Amino acid sequence: MSAATPLAARSARGSRLTRTLLPLALALLIAAGLLLVLGVNPLAFAADTLRYGLLDGAWQRSAARMAPLLLVALGLIVVFRAGLWNLGGDGQFLLGAVVVAGFGPGLLAAVPGPLGWLLLAVAAMLASAAWSLIPALLRTRFGITEIVTSLVLSLVAVGVVNLLILGVFHGEAAGVPETTAIPTAELLPYLPGTTVHVGVIAALVIVLVGHVVLTRTAVGMRIDVLGASPRAARFAGIGVTALTLGVFLVSGALMGLGAALDVLGSQGYLRAHVNPAFASAILPFVFLARLRPLAAIPFVAFYAVVEVGGTIAATRAGLSADILLVFVALLLVCLTVVDHAASRRALGRPVVPEELRAVWARRRGGAR
Amino acid sequence: MTDLLSTSLLATVLVAALAGALPLLVAALGESVGQRAGLLGLGLEGVILLSAFVTFAVTEGSGSRVLGAVAGIAVAVVAAALIAALTVLWGLDQTITGIAVTLGGTGLTGVLYSRFYADAAPRLGAAPTLTVPGLSEIPVIGPALFDAPVFSWLVVLGTVALAWTLARTRWALRLGAAGENPAALEATGTSVLTVRVQAMLVWGACAGVAGAGLVLVTAGSFTAGMTGGLGYIAIVVAMLGRARVRIVVAVSLGYGLIVAVGTLLQLLGVPLPSDVTAILPYLAVLIALVVAGRRGTLPAALGRAFTRGARS
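Here the protein sequences come in this chain order: D and V. Taking our numbering, I'd label the letters of the first sequence as residues 88 to 455. Taking our numbering, I'd label the letters of the second sequence as residues -11 to 300.
Chain V extracted, bound-state conformation (with noise of 0.2 Å):
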């Protein structure tokens, strides 16, 4: 009987763990793409707020999650759009700007939140299975992979697709002159401008996956500020990973346990206050940085603007 317990425990913290890294796992790859661009994405955090709030408010109004997840997704790409009009096509300061629409996207989700959905906190409901027969019945990891939400699918379908692209492509190539060395980009002929636009938008619609998937998936509905930092860590995360798809794999896992474990310690009576499991990632990406990246490690050109034709 306690056997048995265990084990459903067990794979309840896999299923959990899993729920908890794929938001992060799919905004730090598309941050993994802006940085190896020269794109600091700074505004990450905000994006992914008004990604999921309006997945929630399209999913709750209509009552089609697909709808809802595209209308999150287009709001993101959307945003990134404007970033990068600003920061690409303008050269406008990135940090500025990324700390703008994190605010704004932090304040504005808010906002209309508390205006329009505070006083009845609607839910979604649990998200539709995608099951494999036969291999679900596997006790402890069955459930959690093969017994997975439609969205885990895609995002283990996305994250192959995108390490394929960063390991094999031209386009990778490109990525990785415009954030190191820009201007020798520019001389081959290709310009710089376009392959930033194209990271940005790849960041904008990975940062709208991570917020309809924490809308849809992971937290079945939204209350302000709920990203509580991803943004943040997914930055870091991509920093440590440095466009290694499988090393940011490995630490949004990471990422996904420490947070079930915390969950699951909290749900076992054990007095351990949600502000040590929202501050232990902090401080693991952190350590983290510290131990695996050394200097000289990010992109060149991170965080700085482009003008044609002027000497760096």
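The following block holds chain D by itself, in its conformation from the complex (with noise of 0.2 Å):
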């Protein structure tokens, strides 16, 4: 017995590894024969991306792309842990972008250094929580299932992004519908012999600490049940529409932080009809991660110089940077495909967990 188990734990950590690698190595070869077709060297493409978004001092720029896709990613994490769906991460996060770009060089002239970065954060932290509020509250008020909701609200906060920059938030650049761009002295300060802003800092550090919350503490325990199972959450005494409305917020929260980073530290303005989609780019790799922060973090930085690198890759290629999309969609249906064929073959063992059939067995003997 004491024998079995270092043994089948290893066999776990093997399948998991596989149910890891396996979607990742499949989408690349089906999206490698894809560009075969489309007339691209896969290779040469795989090469442009490691050098445009990897090698050469280009690290520095997937790096900076980490703050936001990290933020995103926790975003999602809470609240598919809780079994719900946020997906208007798109949205919330142009909210969010759009608040610090139009308020940004108004509010850094007057204010500038870190109480005016703090003051952009919260302020792009609550718009964007704001409307990821009202998936959550048409979920628990009607019923009204979040999946779709979240969706359409994207966007139409996609539209009313565009709407402000073409209105009140038009820069004075005459003709181009973006924002003002705020100086690159008031931005985010970059880490010392690097271009990375400080900002990737404090996004790591928020995924740890959203990890322990998550993975160490009762709220953590919480959405977890409530994400194996509403009823049981119910029953066990937990506040599950208070719940539900908290993690809807915290995640759109973070992903209004998420944008704000990215515009204090990398972009300094926003232009109209512009979507980057972070969060249904980052979607599977949350997948991959099994919800858990700290395993979406080598998922995250993968995905960041898959991003920056290919969109560069493609345009040297002749091709539309929407071959990313492409990717993302092949590694989620591969994903889906591995786990349910995994968890297919593991149908005929016991559903039981090996420790509680340890547990059991020696209830049994005791009985006996």
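Bear in mind the hints are in silico, worked out from the structure with no lab data behind them. Please note that a few of the clues may not be correct.
Said to hold, decoys possible - What follows is a set of in silico ranges between Cβ atoms, one per label pair, in the way DEER data are often shown:
hint, chain 1, residue 1, chain 2, residue 2, range
1, D, T105, V, T83, 49 to 55 Å
2, V, V66, D, L104, 29 to 35 Å
3, D, R138, V, L253, 46 to 52 Å
4, V, V138, D, T398, 39 to 45 Å
5, D, A319, V, P259, 53 to 59 Å
6, V, W141, D, F322, 55 to 61 Å
7, D, A131, V, A175, 45 to 51 Å
8, D, I117, V, G216, 23 to 29 Å
9, V, V66, D, F389, 38 to 44 Å
Since we're looking at a predicted model, the values are computed, not measured. We treat Cβ as the ideally placed atom computed from N, Cα and C, and that holds for glycine.
Reconstruct the complex from the two isolated chains, following the hints.
Here's what the structure looks like:
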């Protein structure tokens, strides 16, 4: 028995690794095939992606891109762990971004430095959180599925953001529908010796805190119980309504914070009709990380390189950057298929975890 | 003179409203069938785009609109069959699969269009119409209703056929059971999986028709991301209608009217950003959903996979 447990654990770890790497490999393989069909050399594409996303100092741009991606990933993880769907991350992110980009130039001129950044970040978080509250309220008050409402509200937010940039937030540059750029000197400072802004460190710390809260505290436990079974949560005396609203608020706020770090750290302005769609893109990686914030960090780093390098690689290959969306979609499908195949194979085996079975065996032995 | 202008203007708005409403109507009807059977159909946007692109590419290449439409619909049905295999037969998560299909459809059509057509941006020209002699001379409604594209006539026929099917057939009852209480349906000896696969194929065919109509009738061309959330609106409209065809028709026509009036105001020089007309329909259907949709009105098993022999 004592020898069997480590073996089982090792095989479980092995299968977890397979479940993570196999979908990635499959998606990359299919994407390579698609590139071939389009007349693009996949190896050259991969080399370009690495060159412009990782090598020769390009890693710094990818690292900076991790700041928004990490927080968006955490924002998704919080709701997904509760068994809820916030699919409106893209719109919530843009709302936060437009608040920072719209008020940033004026506010930072009056209140420069950390206090100004803090005020803008809080404003962005409030705007995004308020927007994410709507699908949560529609769910808790009217029982309308948040899957659809969050998606549709995201599209509304995108339109509202465009209108804001075309209207009140329109910068001085005539014709170009974009906000006034925040002067580089007023943006977040770089880490010494790099061109990576400090927001990345902030994002990493927040992900760490999020990990501890979700996996080590009573609140995290309640969220997991709600995700496992809303009925069980109700019987356990968990305020399901309050918790639902809470996780949506936190999720939206994290989207807003990610947007604030992106605008204050990297972009400095926002252009109308540009939607980075980080929340859609990071979706498969959140699942690959099994909804564990710390495990999401390497996946986010991977996708940051793919996004930063892949966008340039696509342009150089004469392709639309939409090719990244195709990769993300392939990854989602491969991930669910591999996962399903793995759990199907496990169907013949007992469902009860190893440790629990050991306990039961002992109990049964005692009764006899 | 001004009278004449305004009558022809009204007629133009009506034509535009119908052209805008019909793709949504078809997509929402297919989605209604899917939702009735317990399928959320979140990939609708992606499948409509796939069909639209294939319709455009084949029509542009062959010069035949019929061939283009058939190819577009065929691709949509194949896509639906794949989704059905994954979500219905294998029981994969409908939400994740749906998002993947929409992202994939958006990405793939964007890549292909920019690769092969973006420079030339070819247009397909106006759709051929079926004119009813006499009736098409009626002012205002004549041109819209009786000088309509062949597509519109087919949609009207299809809508009537589907309304009859949903109201009168045993299959419609099975659909409802597959969405409300799949275990009970299975107990009567009818396969839930078969019913759901059938519903998914109808869903796909409708999405295909919607995509083909969008390209051939509404827009006369393809542009990347041209659906602009039409699939999502269709999902909400289907939730509003709950498989009652007349509500789906009414809401779709309302949507078409909003779009047409927006376009008209822009043409008349009213400074109305396209984003306003883009978000108005979303807000309208969402508010309608809140006002009309009360708790517990969606099929009980919506979005849930059915596993044979499993306890729910």
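A quick look at each hint next to the structure:
1. D/T105 x V/T83: 49 to 55 Å: violated (24 Å)
2. V/V66 x D/L104: 29 to 35 Å: About 34 Å separates the Cβ atoms of V/V66 and D/L104, which means 29 to 35 Å holds.
3. D/R138 x V/L253: 46 to 52 Å: Cβ of D/R138 to Cβ of V/L253: about 49 Å, so the range 46 to 52 Å holds.
4. V/V138 x D/T398: 39 to 45 Å: Holds: the Cβ-Cβ distance is about 42 Å, inside 39 to 45 Å.
5. D/A319 x V/P259: 53 to 59 Å: holds (55 Å)
6. V/W141 x D/F322: 55 to 61 Å: Since the Cβ atoms of V/W141 and D/F322 sit about 56 Å apart, the hinted range of 55 to 61 Å holds.
7. D/A131 x V/A175: 45 to 51 Å: violated (58 Å)
8. D/I117 x V/G216: 23 to 29 Å: Holds: the Cβ-Cβ distance is about 28 Å, inside 23 to 29 Å.
9. V/V66 x D/F389: 38 to 44 Å: Given range 38 to 44 Å: violated, Cβ gap about 32 Å.
In terms of the numbered hints stated before, the structure departs from hints 1, 7 and 9, listed from lowest to highest.
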